[in-house]
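K.L.:
Sequence:
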Amino acid sequence: MNHKLIFRDDKSDKFWNIETSGNSFTVTYGKTGTAGTSQTKTFETEETCIK
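The sequence shown maps to residues 1 to 51 in the UniProt record's numbering.
Errors might be hidden in some of the hints.
Only pairs whose alpha carbons sit at most 27 Å apart, straight line, appear in this in silico DSS-like list of lysine-lysine [what the hints assert, rightly or not]:
no., residue 1, residue 2
1, Lys14, Lys51
2, Lys4, Lys51
3, Lys51, Lys11
Rather than coming from a laboratory, the hints here were simulated on the basis of the structure.
Whole structure, please, built from the sequences with the hints as guidance.
P.N.:
See below:
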């Protein structure tokens with residue numbers, strides 16, 4: 001499952017990409033136009049990850 005969020009206003013232009021795979025998810029975030037920063041978190045079960 002993938003989600004993409006974008007926030008833009010007069011001073012900001014940011015993105016968040018959230019990707020789930022099995023029992024873990026990875027969030028990549030940063031300024032639009034950059035590679036951003038990624039963080040991955042792993043859970044005991046896939047059901048817990050999706051919550």
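K.L.:
Please go over all the hints and tell whether each is borne out by the structure.
P.N.:
Checked hints:
The suggested pairing of Lys14 with Lys51 holds, with an alpha-carbon distance near 24 Å, which does not exceed 27 Å. Straight-line distance between C-alpha atoms of Lys4 and Lys51 comes to about 17 Å, which keeps the hinted pair within the 27 Å bound. For the hint pairing Lys51 with Lys11, the CA-to-CA distance comes to about 32 Å; that exceeds 27 Å, so the pair is violated.
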